[in-house]
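Novice: So the sequence lines, in the order shown, correspond to chains A and B.
Start counting the first sequence at 1; every next residue gets the next number (our numbering).
Start counting the second sequence at 1; every next residue gets the next number (our numbering).
Note that these hints are calculated values from the structure, not bench results.
Mixed in with the good hints there might be a few duds.
[As the list claims (entries may be wrong)] With the Cβ distance kept under 10 Å, some of the chain B side facing chain A (calculated, not the full set):
#, residue
1, T41
2, A44
3, I137
4, Q185
5, D200
6, P345
7, V576
8, S577
9, A579
Yeah, the Cβ is synthetic: ideal placement off N, Cα and C, and Gly gets one too.
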Amino acid sequence: MKKILATMILTAATFAVGAAAAEADDFYAGKRITVLINYSAGGPTDIEGRFVMQHLQKHIPGNPEVIVKNMPGAGGLVATNYLGEGAEKDGLTVAYFTAVYEYQLLEDPALRIDLRDLGVVGGVQGVPVNYIRKDVAPGMEKPEDIVKAEAFLAGGLRPTISKDLLIRMPLDMLGVPHRVITGFKGNAPARQAVQQNEIQYYSETLPAYRSVVAPTMVETGMVIPVFSHEIWVDGKPVSSPDVPEGIPTFYELYEKVKGEQPHGQLLDAYNVINKLSTNMLRLIALPPGAPKEALDDLRTALKELSTDKAFAADAEKALKFVPTFVIGQDAETMLKEQLDVDEDIRTFLKDYVAKAQ
Amino acid sequence: MLHALVDGALLVLTWPAPAYLLAGVALGLCFGAIPGLSGLTGMAILLPFTFTLDTGSAMAFLLGMFAITTTSDTLASVLLGVPGTAASQATIVDGYPMAQRGEAPRAFGAAFTVSAVGGVLGAIALAVSVPVVRPLILSFAAPEFVMLGLLGLTMVGALSGRSILKGLAAACFGLLLSMIGYAPQGAIARYTFDSTYLLDGLALVPVVLGLFALPEVVDLSRHGRAIAHQDPAGKGSGLMQGVADAWRNWWLVLRCGAIGTYVGMLPGLGGSVVDWIAYGHAVQTSKDKSGYGKGDVRGVIAPETANNAAKGGALIPTLAFGIPGSPPMAILLGAFLIQGLTPGPAMLTRNLDVTFSLVWILVIANIVGALVLMVWSKQLSRLAYVPGRLMVPGIVLFVFMGAWMTGNQMGDWYSLLLFGVVGYAMKRAGWPRPALVLGFILGPIIESSLHLATQIHGYAWIGRPVCLAILALIVFTLGWGAWRSGRLRRRRPGEPARETATVDIEDGSWRPLSMAFGGLVAVLAVAAAVRSLDWPWDSRFFPLFTAAPLVLLAAAVVVSDWRALRREGPPAHSPVSWADAATFGWLLAIVVASYLVVQPLVLALAMGLYLLVAYRTRWKMAAAQALIGFLVLEIVFDRLGGVIWQPALLRF
């Protein structure tokens, strides 16, 4: 009897050890990941980040527990600096950030870390759609009408951030008479100012465009969409499949109204900003020097997530769009290529920003 | 319309929505009562749970929680002198003195009654404003906000107490402090001294906690008596007395309900200013002002009505235009979208039943929440009779965590301590702290709106009809105030006082300290003005035009104090003691130690040590309190609140 019991215990123990060993192979088995978000709870970054990371968790080998922490401040810089300087490098802190590439491009000392040092898991696309009030003289009915516009005011948040640059640059290339009023405290106040006809032109990323701008302003006949920013696939500028029908990309609009492809130094600078900020609006990353196993596991999980049907269905329901990812090495390459910018372009960008101040 | 009203009610009353509503209310009571957690934290934590709920339940859960945080935040404001959330700062000014007099139950009775009434008023406003809301909100753009901000500044008189000069100086100082960080057009970072923390400017919560809560901690620690240590002012001091007070002041309640609703409705003014505006309004319109600052129940009624009413108001632009006026509203908007509801005209037509269901949620949550608190408040009020030094560690825990939860950075703690010292000096010197806070809150609103208004319209915006109307209101407010104080001055001595203009916002008036503080402020103002000369005009304008009068006002305070000092002779005894310095030293030690060891451990140990040294308790008792503190930090703040601790040098 004793023998049988002993055998049973031994067998059970062997199984337990075996199971533990199998799990221990996975870097994240039995661990807890803290997702760090660089904007406050409830904002677009936060809602998207919580949603994506919740689903990503199921694909991470070892199924770690995932909790979310917000660290807002200074336009996302506080958490970005923290990721490079203070966060534990054990692979258990994962950032889901609205990236601050422009600070590195403009060599702003407020950004104290080099974004190229981060362990890049991937990027998440965020395509902005620009819209204009229909009652801008002589009347805006279709996107091409913008070149006929007599004069209007465009909104902005702060002259040094990519949001403002992506609003200013295309308008300057199109050569339409406008002024940029910068200093709005966020998208909601700027959107309100468009509704009040204090400004006439603004830009918002697809989720906000589709869920708020379209029903409250496009469908009520107040504004029309003008163009969306292009994404880059295989070295070519194309429209994101999530953009509603009938909205051209900037390249398409430019060609239609000017009869030629956009070109020149302003375009080169625009492409640098746009390739980063639109293709990889959000950055999923580990602190510099995090374990390679962790990075590999997360990249694999993100790759699986990008083809997960259930995730797509849930995202369509909850976020009103399905996040498109730039994964692993691709994201890292894109980040490094664009941040290793020519000095000419960097100087041009700095001058261009200074002109707005 | 009536149909939608009934459908809305059905949406809330269909199982399982009522269960979620009650759960939401229960959570909301906790989030409001614990300083450091707020409706915003609650929204962020609860949002993911609503992904899978039906519309009625999701809304009942979130809004039921959110509606009630401004009711339960009164507990900490009155009992501890620590604002439970940013929306009940003004409640401290009279609520805490009431607790000191042993009238905490009365304050609670009044506050909970008017919170419920205010919440219901806000809900009714939401319901009836549905057809007329569009022009109301769209006519308030940047130019109108400049004027509203200026109108708000006229409250300084009401918040100044005995010395209007000190009040104006304090308000200017607050305005100047609010200039720290990026200028409104965002290119120049002002007075940041290369610190990333200051790029966004000083955060409101650490500043307010420092100004109001830390000086009370210092005093409690010094005299060691229970919070309630003064004799009751006579009459009733119980819960029912407070309820009666609320009904007797029904007209004030109605007005503050309206103020709350409108301030809440205008996106960007926000919950942190509504309580001050209501408080200022109550003082301005009261005939007998003598009790304010010493525990006048009207000083509790006004802000507590307004901060609940503001929530109904805030829903209006969120629903009708998709413009969330505050971060919690942005989360609620997110919840709408997840439920497949799009904001905009449809909320007033096709989805009107959902809109009305929100009205019902607000009404039910506000009433249920207030009733629950009424029942509990008797037990909670006993905290006011616990010996002061036994209370200090717990209060300090919540004050430190309240500040830390703002941005999870050491900067929040430095800011807390610095403004603790400033608040302490102002309290002793008779400089009105509420005036400083008012300037601090209104500064950015005025500056950024002014920047946008002049960018868009040049100077033509001044002629806009709504601007002119508000301007008339400003002139009227100032003129009326001047006329009343003039009439008071003309009264001959001996004639019976029919009204008293003096408000005791601050009890101290130690002139040497007041002069020193005034001198320091004047020097800072000069330095700020000099620093601003390098900047482009639009970044320099506001600091310069705040600093210039501040120098004059601060100098005038110094001169008038000096004259008074010569007249009165040197003060008998100094209200500043080494015990106070020791308390500040203890607080500073907590901050410094947090660089070395992880914060929950530091705070818990600091609690235990304080009890051992200052309260001379047995070590077992101290260890028990430290353990409780540690568990609160780990469970409430770490697990629930999602706090990020300072990376400690010594890691285990």
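Novice: Identify every previously stated hint that the structure contradicts and give their numbers, smallest first.
Specialist: 7, 8, 9
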